[in-house]
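Undergrad: One line per chain: the protein sequences are A and B, in this order. Residues 1 to 650 (the numbering used here) make up the first sequence, in order. Residues 1 to 228 (the numbering used here) make up the second sequence, in order.
I should point out that these hints are in silico values taken from the structure, not numbers from a laboratory. One or more of the hints may lead you astray.
Stated by the list, open to error - Pairs of lysine to aspartate or glutamate residues, derived as EDC-like cross-links and limited to a Cα-Cα distance of at most 20 Å, are as follows:
id	chain 1	residue 1	chain 2	residue 2
1	A	K628	B	D135
2	B	K166	A	D407
3	B	K166	A	D181
4	A	K628	B	E99
5	A	K502	B	D36
6	B	K172	B	E219
7	A	K341	A	E144
8	B	K223	B	D205
If you want the building blocks of each chain, they are given just below.
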Amino acid sequence: MLSYFSTFAQSSFGLNGMLGISGESFTSMNSFEYNPSNYSVIKDWGFSFTYGGEFAEKLSSNLYQITTAKKFKSHFFSLRYTPGYQKEFVFRSATSTGDSTNEQINLESKYLYKELFGFGYSYKINKDVSVGFNGRYFKQDFTEEIITAIFSDTLYLVKESDVDNSDFWKFDLGLIWQPHDKLIFNFATRNLLIFKNNLENQSNNKFEIKTNKSIIIGINYNPTNNLIFNLNYESENSFLTGFTYLIPINNNKIGFAFSAFPDAHQKPFIAGINPAVIFISKYFDLSLTYIKYFSDRTTISSYSDFTENGISNILHNKYSYDKLLLTTNFKLNTIAEQRAKILDIEIENNIYPALSDKYMDTPIAKAKVLNLTNEFIEVKPLMSMNGISSNKFQSPIVSIAPNDTGDINYYLSIPEDYSKVNPEIVYADFYINTVNDDFDDEYQKPILVNSINAWDGNVHNLKYFVFRDMDFSIKYAKAILAKHKPEIDTLTDATSDFYKAKIIFNAFIEKLTYTSDPRASVEYVQYPKQTLELKGGDCDDLSVCYGSLLESIGIETALVDYKNSSTVKHVNVMFNTKLLPQQAFLITGNDTKYFIRKNELGIAEVWIPIETTSLSDFESAWILGSEKFQTEAINEFGLLKGMIEIIDVN
Amino acid sequence: MIKFILFFLFSIVVGYAQSFDVEKLSGNVKILSSGDETWQQLKPKMKLDGNTIISTDINSSVTIKNDRIRFTLKESSAITVSNLKKISLDELLMALAMENVLNTPRKKGSNKSDNTAVYGDKISSNTLTTLQSNDFGVKRINGAKQLVDNGLKESAIITVQEIYRKYPTTKKDTNTRIYFSDILFELGLYEEAYDDYADISKTLDLSNEQKNYINEKLEQISKKLINK
Numbered sequence: 001m002l003s004y005f006s007t008f009a010q011s012s013f014g015l016n017g018m019l020g021i022s023g024e025s026f027t028s029m030n031s032f033e034y035n036p037s038n039y040s041v042i043k044d045w046g047f048s049f050t051y052g053g054e055f056a057e058k059l060s061s062n063l064y065q066i067t068t069a070k071k072f073k074s075h076f077f078s079l080r081y082t083p084g085y086q087k088e089f090v091f092r093s094a095t096s097t098g099d100s101t102n103e104q105i106n107l108e109s110k111y112l113y114k115e116l117f118g119f120g121y122s123y124k125i126n127k128d129v130s131v132g133f134n135g136r137y138f139k140q141d142f143t144e145e146i147i148t149a150i151f152s153d154t155l156y157l158v159k160e161s162d163v164d165n166s167d168f169w170k171f172d173l174g175l176i177w178q179p180h181d182k183l184i185f186n187f188a189t190r191n192l193l194i195f196k197n198n199l200e201n202q203s204n205n206k207f208e209i210k211t212n213k214s215i216i217i218g219i220n221y222n223p224t225n226n227l228i229f230n231l232n233y234e235s236e237n238s239f240l241t242g243f244t245y246l247i248p249i250n251n252n253k254i255g256f257a258f259s260a261f262p263d264a265h266q267k268p269f270i271a272g273i274n275p276a277v278i279f280i281s282k283y284f285d286l287s288l289t290y291i292k293y294f295s296d297r298t299t300i301s302s303y304s305d306f307t308e309n310g311i312s313n314i315l316h317n318k319y320s321y322d323k324l325l326l327t328t329n330f331k332l333n334t335i336a337e338q339r340a341k342i343l344d345i346e347i348e349n350n351i352y353p354a355l356s357d358k359y360m361d362t363p364i365a366k367a368k369v370l371n372l373t374n375e376f377i378e379v380k381p382l383m384s385m386n387g388i389s390s391n392k393f394q395s396p397i398v399s400i401a402p403n404d405t406g407d408i409n410y411y412l413s414i415p416e417d418y419s420k421v422n423p424e425i426v427y428a429d430f431y432i433n434t435v436n437d438d439f440d441d442e443y444q445k446p447i448l449v450n451s452i453n454a455w456d457g458n459v460h461n462l463k464y465f466v467f468r469d470m471d472f473s474i475k476y477a478k479a480i481l482a483k484h485k486p487e488i489d490t491l492t493d494a495t496s497d498f499y500k501a502k503i504i505f506n507a508f509i510e511k512l513t514y515t516s517d518p519r520a521s522v523e524y525v526q527y528p529k530q531t532l533e534l535k536g537g538d539c540d541d542l543s544v545c546y547g548s549l550l551e552s553i554g555i556e557t558a559l560v561d562y563k564n565s566s567t568v569k570h571v572n573v574m575f576n577t578k579l580l581p582q583q584a585f586l587i588t589g590n591d592t593k594y595f596i597r598k599n600e601l602g603i604a605e606v607w608i609p610i611e612t613t614s615l616s617d618f619e620s621a622w623i624l625g626s627e628k629f630q631t632e633a634i635n636e637f638g639l640l641k642g643m644i645e646i647i648d649v650n
Numbered sequence: 001m002i003k004f005i006l007f008f009l010f011s012i013v014v015g016y017a018q019s020f021d022v023e024k025l026s027g028n029v030k031i032l033s034s035g036d037e038t039w040q041q042l043k044p045k046m047k048l049d050g051n052t053i054i055s056t057d058i059n060s061s062v063t064i065k066n067d068r069i070r071f072t073l074k075e076s077s078a079i080t081v082s083n084l085k086k087i088s089l090d091e092l093l094m095a096l097a098m099e100n101v102l103n104t105p106r107k108k109g110s111n112k113s114d115n116t117a118v119y120g121d122k123i124s125s126n127t128l129t130t131l132q133s134n135d136f137g138v139k140r141i142n143g144a145k146q147l148v149d150n151g152l153k154e155s156a157i158i159t160v161q162e163i164y165r166k167y168p169t170t171k172k173d174t175n176t177r178i179y180f181s182d183i184l185f186e187l188g189l190y191e192e193a194y195d196d197y198a199d200i201s202k203t204l205d206l207s208n209e210q211k212n213y214i215n216e217k218l219e220q221i222s223k224k225l226i227n228k
């Protein structure tokens, strides 16, 4: 819940004090005075009208402003026409002709100040920060009646008007920062840039609107959903403080607000108060605002005082009369209202790009999402990650009950060509939408993306290294087999897989040496192509490489994870010969060198373990692998104790 | 906590899995050392490590021993030295899950087709079955029975499960199946014994006498389980 009502320091005080830094109201759009950041939360179109009356000697009524606004994604534009933003001062004086008649002549000096129109633009940088600026066009017309003597046959005294005018543009910047759901800070300039035409008569300069530069700092705090406090300070030593209280009724809100505004240019200390009643609905807002000044507002003021001090604000100055204003805002949104809100997002793990397939099944982040409506909603989560992919990746849609929270999983798709070798922190953008392509909410969090060769140490995840570069493995394995065609042609179908695995092992280890991982904070695993190009690797690399070559020719492979073998973790490979147990004698007469595993159809098959770090020949690697497996996995119950695990790679 | 204690006990057992010395040798006894493919003649005073297989011919036997166990392998039998160990009933219960741990937990529907490439002539499984002598499986069964004779019943159960996996035809021998089901019964593993008897009754051709015996056992176990 954000602020619904606020009035700013007096000299930057808008027409009716309403401030709509709110998810449900856009009243800020019509008030460039207190909203230089031009911040608004409307989703599409907004129109605002203010009609009111001033309690002068005679009650005068006027259309004060018409504003239209439009939002394009994170960009917000507005235009304001202000026919009622004007103030005229008329000073009358009398002078005598000085001739024999000594006739009195009444003269008038008029000083008319107008703000005609303005425009604003803002950009929402993220869900917490919005920046913007506005420009406003002012006109000043000064008319002074003077007596001019015309000498001819007779002396004539003619009353003439000396007209002088100037116009100027005023530009200001603003920033809204919401560090917390219940807290908003605003920072703005006042009279930052002025571009004006000078008056012809420099003696009129003293009548110009004062444009002293100042800054506005404000805070809005809503301790409960219904109550909002605000305090705004302007560096010219004016400030304004107040509160708003809103009561929800069905889907609407009714409330009242009260504020007081000490003003450096007015007396007494509290120059006035600003009570208002407010109605906020889904499609329009209404406010009835009364502005009461405490000092005496007589219709006759001192010319010398005016000459000396002038005014700094057309609407609110010490000559302003009390006002009653009715403001209507129409929210013509063709874009859906926010129906869901991200409360929090928890990043599950750092990213290991090699495990890209895993992230299609395992979420990298979980979001708590609040359904803001009274009906079931379908929430579509999307995510993009700078440096990995600019495309938004959609995760499964989740249904959330009315006014309830739900857990949303974000999955990640990493492009196949991702190949960064250095880790980096990137920003992940999380989105949710419920109706169309316009996001209901978005969230950004940093996340560590490791090197393409980084591995999280979980042997289950080595299989993702096995299947990367599979095209290369297929070509490499087939090239080896092609060289041994005569030998392979003599094989029976039953022993084909066994001997092909043997041929490939003997060929692939020929040029390899055992090398340890580079020193790094995370485990490093080479892809099969890298292992063969670099001509070496450690147990992970060699097992991944051999497993990949076997899988590439259709031989089922499993990684054997020796989790605590002599305090050193170790991995080797076992593969499926596809032989039945009663066929095992075709490859060995030693029944401790193979193991029986039933497939999912319940058919028992002969598997043999291979110690890939034994870079001599297949027979040695088989003996070492089977001895280790028989001893540690079977005899010492390593499999049962969970110290050893068989991980099928496919 | 219980798991931790069991693992601790396992570790103690493993610690005692020492090598054996040949004490007494008679007739033709051969060994297959770890990883080897060639049988060697066993000679007196040889040391045998855990992965060594001992096999005896007819009218042959060997007695081996270490600090804890003295074991005689009679004629026409085979045993792997690592099978000669004392384990508790609780450890046996865990070990009976070995098959489940070994089996491939692949997803349903992911049954991979065989490699479509064909090299040479295909020999059917049935043909190959007839090619293999089942003698060694039978020798293994004999060795497992002698574990029972030497008081290593728990180890015998684990061993025979491994034999059934590697020599599946031995699982079709009714007397052997009933023999080891009776061991489970004697050890008080009634649920496991019940499953075994039931499997024998369901999968093997039984004589009337065998049927009656098994039905009687099943009834006994049912009563015991009900009264538990």
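Undergrad: Indicate, hint by hint, whether the structure satisfies it.
TA: Hint by hint, here is what the structure shows:
1. K628(A) / D135(B): violated (27 Å)
2. K166(B) / D407(A): violated (49 Å)
3. K166(B) / D181(A): violated (67 Å)
4. K628(A) / E99(B): Given that 20 Å is the threshold and the Cα spacing comes to 18 Å, the pair holds.
5. K502(A) / D36(B): holds (17 Å)
6. K172(B) / E219(B): Judged against 20 Å, a Cα distance of about 23 Å means the pair is violated.
7. K341(A) / E144(A): violated (60 Å)
8. K223(B) / D205(B): violated (26 Å)
In summary, the numbered hints that this structure violates are 1, 2, 3, 6, 7, 8.
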